[in-house]
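**Student:** Residues per chain are reported as follows:
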Amino acid sequence: MNDFSIDLASLKRRAKPGSETSVAKTDKVAEARGFVPREPQGRRGRPKSPRTGQVHAKVMPEVAEQISAEARRQGVQQGVLIEKAWELYREKQRGLSRK
Amino acid sequence: MPVIVVASSKGGAGKSTTTVVLGTELAYAGADVTLLDCDPNRSLSLWAAKAPLPERIGVVSDITESAVVRVIKEHDADGRIVIVDLEGIASRMVSRAISQADLVLIPMRATVLDATIGVRSIALIAEEEEALGRNIAHAVVFTMTRAIRSKQQNGIEASLRRQGVSIIEPPLMERAAFSALFEFGGNLRSIPEQGNMQGAIENAAAFAAAVYGELRGALQ
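These protein sequences, in sequence, are chains A and B.
Sequential numbering of the first sequence, starting at 7, is according to the numbering used here.
Sequential numbering of the second sequence, starting at 605, is according to the numbering used here.
Quick caveat, the hints were computed from the structure, so don't treat them as lab data.
The hints are all genuine.
Under the rule of at most 27 Å between Cα atoms (straight-line distance), these lysine-lysine pairs were calculated in the DSS-like manner:
(1) A:18 x A:31
(2) A:22 x B:677
(3) A:18 x B:677
So the derived label-pair ranges between C-beta atoms look like this:
(4) B:788 x A:19: 29 to 39 Å
(5) A:60 x B:786: 52 to 62 Å
(6) B:824 x A:24: 19 to 29 Å
(7) B:674 x A:63: 49 to 59 Å
(8) B:780 x A:40: 27 to 37 Å
(9) B:645 x A:91: 52 to 62 Å
(10) A:92 x B:674: 46 to 56 Å
Think of the CB as a built atom: it goes at the ideal place given N, C-alpha and C, for glycine as much as any other residue.
Extracted from the complex, chain B is given alone in its bound form:
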């Protein structure tokens, strides 16, 4: 089953939020999902501890750099979609996880700093593709975006597209409900109402559908 790696060497780019939103939406749509918490900050484990896990979701924690390839392979074989959440640093753990990916998602806020650091992950993927002799599909995910796009976001998007980088549409917007997932656990359908709940659910579902489409394309 496919492995989605969520990677950016910048902290605060929205990796764990992307992982939880994507994982819970894919599970809601019918997939069995395993979330691998490879971040020493244990964001996924904290989310998992807040409430009973939603149906069809499993979480594996405390994965070390030396074990990451083996653990991904173990779960890659058991018929579930695997989503790997990594720490926001440039580490060997990141490169090893990328080597096992069917799709790498690179979350970034629409800022020049996030884009500059995100591009380093894209460059690493390109070099791993060359070293390993296989294509590793990847796409940028804009996170914490606003309803009205900033000039900066438009500029960054245009620049990435010119370089042939895929961008997941829609982006994950700035939503109270997304951050509340880490307060209450569970999924967007189980947490108490937060702001524009319907908007958050629609955004999350459309985002997960777009990632699913990207993944299917990568597996062709």
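So here's chain A without its partners, still in its complex pose:
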């Protein structure tokens, strides 16, 4: 037996906070209570490099060592050094053509 009915008119929607600020406030109190994020936060691991081109260079062993040492010193991949060297070469070419 079901002897109750719903008066939908009596169930009015109430405004609730939904701004980024209020969500941040909610997250803060939740985290303090141990209610923490359970979803993966973004991609794991190193972001994909945009450097997808390849050069096929064989150089003298001492040059290879020097390029490797310089890349380590600058904290970049060897490809970045090659790009810089190429840019310097291009600038030099442009300078020559202007003369």
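Following the hints, put chain B in place on chain A, whose structure we already have.
**Tutor:** Frame of chain A; chain B shown alone:
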């Protein structure tokens, strides 16, 4: 339209059963109901897949932590009662859903362990109320209770009442028909006879009426 969030960070407290029993009874009583399945175990979706959905019920699945506020708001505006079923863990999803609630139901079995963990959700609600500057009505629902109340249940109830916590009366009793909802889908009127069917229907209807009363009180 009002949003009811069913939350407890303990698994097995009866959240999905509470959601399905409440949703189907409110729909049977004439309300349009949207059930939001925010539990990665997809209990509501499994129930929904077993049989055609009862009249006036919709189910939305696969809701993520980052989308939960937006999805609740979308459905909060379209003239239906929204019931949110959450996973039984302490997660940001739970706190974000609570921030959108007109009424939070905290199901717990009448055990000290369930009560201890359930109280954490009550404490979280209190802190969210303070942070957001608004009242969030909440009530405990005892689930899987027996006809004869245990001393433990009486003790837990007395303790909660002393602290001013509302308790929905009647509780949801241990009924074969309630668990059979997940075997057959549909509602208590559509599934094959299970145990004391009339008792289960009366319990479910009285429970839904009590929640409806609590909700109306919260919206005053």
